[in-house]
Amino acid sequence: MAVLFPKKDFIISETGISKVEKVEIGGIDQYLLIQTEDINNPVLLILHGGPGLPIPGVSSRSRDYVVATTTKELVKHYTVVFWDQRGSGKTFNSNTSKDSFRVDQYILDSKEVVRYLKKEFNKNKIYIAGYSWGTILGLRLAYENPEDYRAYIGISQIINWADNDALCLQWTLNKAKDKNNQKAIDELMNCGYPPYIKSVKQWGTLRKWMGRYNSMVYSDHNVKHPGMKLAVDLLLRSPDYSIKDILNTIRGFQRSYTQRIIEDFAEIDFNKTIEKIDIPVVFIHGRKDIHVYGQLTDKYYNLLVAPAGKQFIWMEKSSHMFHPDDAKEIENILINILNLNKGVL
Numbered sequence: 000m001a002v003l004f005p006k007k008d009f010i011i012s013e014t015g016i017s018k019v020e021k022v023e024i025g026g027i028d029q030y031l032l033i034q035t036e037d038i039n040n041p042v043l044l045i046l047h048g049g050p051g052l053p054i055p056g057v058s059s060r061s062r063d064y065v066v067a068t069t070t071k072e073l074v075k076h077y078t079v080v081f082w083d084q085r086g087s088g089k090t091f092n093s094n095t096s097k098d099s100f101r102v103d104q105y106i107l108d109s110k111e112v113v114r115y116l117k118k119e120f121n122k123n124k125i126y127i128a129g130y131s132w133g134t135i136l137g138l139r140l141a142y143e144n145p146e147d148y149r150a151y152i153g154i155s156q157i158i159n160w161a162d163n164d165a166l167c168l169q170w171t172l173n174k175a176k177d178k179n180n181q182k183a184i185d186e187l188m189n190c191g192y193p194p195y196i197k198s199v200k201q202w203g204t205l206r207k208w209m210g211r212y213n214s215m216v217y218s219d220h221n222v223k224h225p226g227m228k229l230a231v232d233l234l235l236r237s238p239d240y241s242i243k244d245i246l247n248t249i250r251g252f253q254r255s256y257t258q259r260i261i262e263d264f265a266e267i268d269f270n271k272t273i274e275k276i277d278i279p280v281v282f283i284h285g286r287k288d289i290h291v292y293g294q295l296t297d298k299y300y301n302l303l304v305a306p307a308g309k310q311f312i313w314m315e316k317s318s319h320m321f322h323p324d325d326a327k328e329i330e331n332i333l334i335n336i337l338n339l340n341k342g343v344l
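Numbering-wise, numbering that gives the first Met the number 0 puts 161 at position 162 of the sequence shown, and it's gapless, one number per residue.
Hint data in this document are derived by calculation from the structure and do not stem from the laboratory.
Any given hint might turn out to be false.
What the hints assert, rightly or not - Heads up, simulated DSBU-like pairs for lysine-lysine below, C-alpha to C-alpha not over 30 angstroms straight-line:
| # | residue 1 | residue 2 |
| --- | --- | --- |
| 1 | LYS178 | LYS197 |
| 2 | LYS275 | LYS118 |
| 3 | LYS309 | LYS275 |
| 4 | LYS228 | LYS7 |
| 5 | LYS97 | LYS271 |
| 6 | LYS21 | LYS118 |
| 7 | LYS21 | LYS122 |
| 8 | LYS18 | LYS118 |
| 9 | LYS124 | LYS21 |
| 10 | LYS178 | LYS223 |
| 11 | LYS228 | LYS176 |
| 12 | LYS75 | LYS110 |
| 13 | LYS124 | LYS243 |
| 14 | LYS71 | LYS228 |
| 15 | LYS228 | LYS124 |
| 16 | LYS174 | LYS122 |
Stated by the list, open to error - What follows is a set of in silico ranges between Cβ atoms, one per label pair, in the way DEER data are often shown:
| # | residue 1 | residue 2 | range |
| --- | --- | --- | --- |
| 17 | ALA307 | ASN189 | 27 to 35 angstroms |
| 18 | ASP28 | ILE242 | 15 to 23 angstroms |
| 19 | ALA161 | ASN39 | 40 to 48 angstroms |
| 20 | PRO225 | ASN94 | 24 to 32 angstroms |
Since this is a predicted model, take the numbers as computed values, not measurements.
Just so you know, even glycine gets a beta-carbon here, dropped at the ideal spot from N, CA and C.
Build out the structure end to end from the sequences listed, making use of the hints.
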């Protein structure tokens with residue numbers, strides 16, 4: 000049963016595809032959203048953030064703005080695939096082992112999804128993009144199996160989880176001090192300094208206060224952002240999400256953060272583990288992003304060896320959740336990337 004009144008920003012014609020598909024991935028049922036005007040289009044798999052936050056994901060059918068891009072024109076050029084990952088959204092299942100919430104398991108799941116899409120659409124290679132947490136998976140895939148991909152696009156690319164948390168902590172403490180919020184200062188100081196591997200509560204406390212200081216969106220007297228309601232609206236007005244699915248999205252986000260996965264987070268440092276990518280690489284980053292700091296991504300980009308070409312593009316109106324104007328520009332970039340193999344990059 001759909002929730003409230005589903006809102007559609009576009010409709011796929013009868014000659015295209017707009018479907019939610021259940022596929023066994025990693026030993027469990029997982030859900031994909033596939034949208035395209037032409038089944039012969041190149042395939043673009045976009046990996047959502049989180050873990051446990053499936054936006055863009057299965058809830059995004061027929062929606063134009065999906066946080067990391069717009070899609071109304073994208074589906075005319077690509078077969079666009081969103082996927083509710085293990086423990087997320089429509090894929091959530093309370094019987095899924097919490098021990099399986101590990102970075103390496105998400106990587107294995109991702110590789111299965113890629114194999115499925117290549118076979119389903121008879122493609123030798125696909126395009127792959129990641130948003131936030133999804134960039135950890137995407138960069139690993141591009142590095143480990145470049146033969147599967149035509150290009151990799153990292154939207155809010157994470158490089159070093161612990162270093163990023165340290166910058167997030169400093170920003171949040173500064174905000175708390177500016178507002179003379181002693182409770183926030185005390186809680187943040189009690190978390191200690193990253194990497195946060197003592198308990199999930201450490202990282203959760205930091206993100207709690209970041210959220211209260213509206214860190215996801217950027218607005219000023221010139222830039223007006225509609226705010227988090229855009230993301231919430233994707234869930235509430237999804238034609239494919241029931242009330243149970245929405246509740247499971249919340250449960251999945253909470254359940255995905257285990258002691259073992261935060262220990263995995265602490266080991267993420269692509270400066271040391273991925274120095275070269277053999278396919279074209281594009282990084283897209285919000286200039287105002289203080290969830291995933293662009294300065295770390297920019298430094299990595301300058302050192303990255305990418306013989307097939309690389310590009311770094313700043314989105315000027317955005318923090319971590321992209322302004323609708325920037326999301327439209329990202330869509331244009333993704334469409335233009337189809338020219339990568341024609342020597343544009």
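Given pair status - LYS118, LYS21, alpha carbons within 30 angstroms: holds (16 angstroms)
LYS275 paired with LYS118 [C-alpha distance capped at 30 angstroms]: holds (28 angstroms)
C-beta pair ALA307, ASN189: status relative to the range 27 to 35 angstroms that was hinted: Violated, since ALA307 and ASN189 (Cβ atoms, about 47 angstroms apart) do not stay within the stated range.
Given hint LYS176 paired with LYS228 - CA-CA distance at most 30 angstroms: The hint holds at about 27 angstroms.
Hinted pair LYS174 and LYS122, Cα distance within 30 angstroms: It is violated: about 49 angstroms lies between the C-alpha atoms, which goes past 30 angstroms.
Beta-carbon spacing of ALA161 to ASN39 - inside the hinted bounds 40 to 48 angstroms or not: Because 44 angstroms falls inside the window, the suggested range holds.
30 angstroms limit on alpha-carbon distance, applied to hinted pair LYS178 and LYS197: holds (28 angstroms)
Distance restraint between LYS71 and LYS228, which requires alpha-carbon spacing of 30 angstroms or less: holds (20 angstroms)
Hinted pair LYS124 and LYS21, Cα distance within 30 angstroms: Distance ~22 angstroms between LYS124 and LYS21 Cα, so the pair holds.
Cβ distance range 15 to 23 angstroms for ASP28 and ILE242, holds or violated: holds (20 angstroms)
Proposed proximity, LYS122 with LYS21 (alpha carbon, max 30 angstroms): holds (20 angstroms)
PRO225 paired with ASN94, Cβ distance criterion 24 to 32 angstroms: With a Cβ separation near 37 angstroms, PRO225 and ASN94 fall outside 24 to 32 angstroms, so the hint is violated.
The earlier numbered hints that this structure contradicts are 13, 15, 16, 17 and 20.
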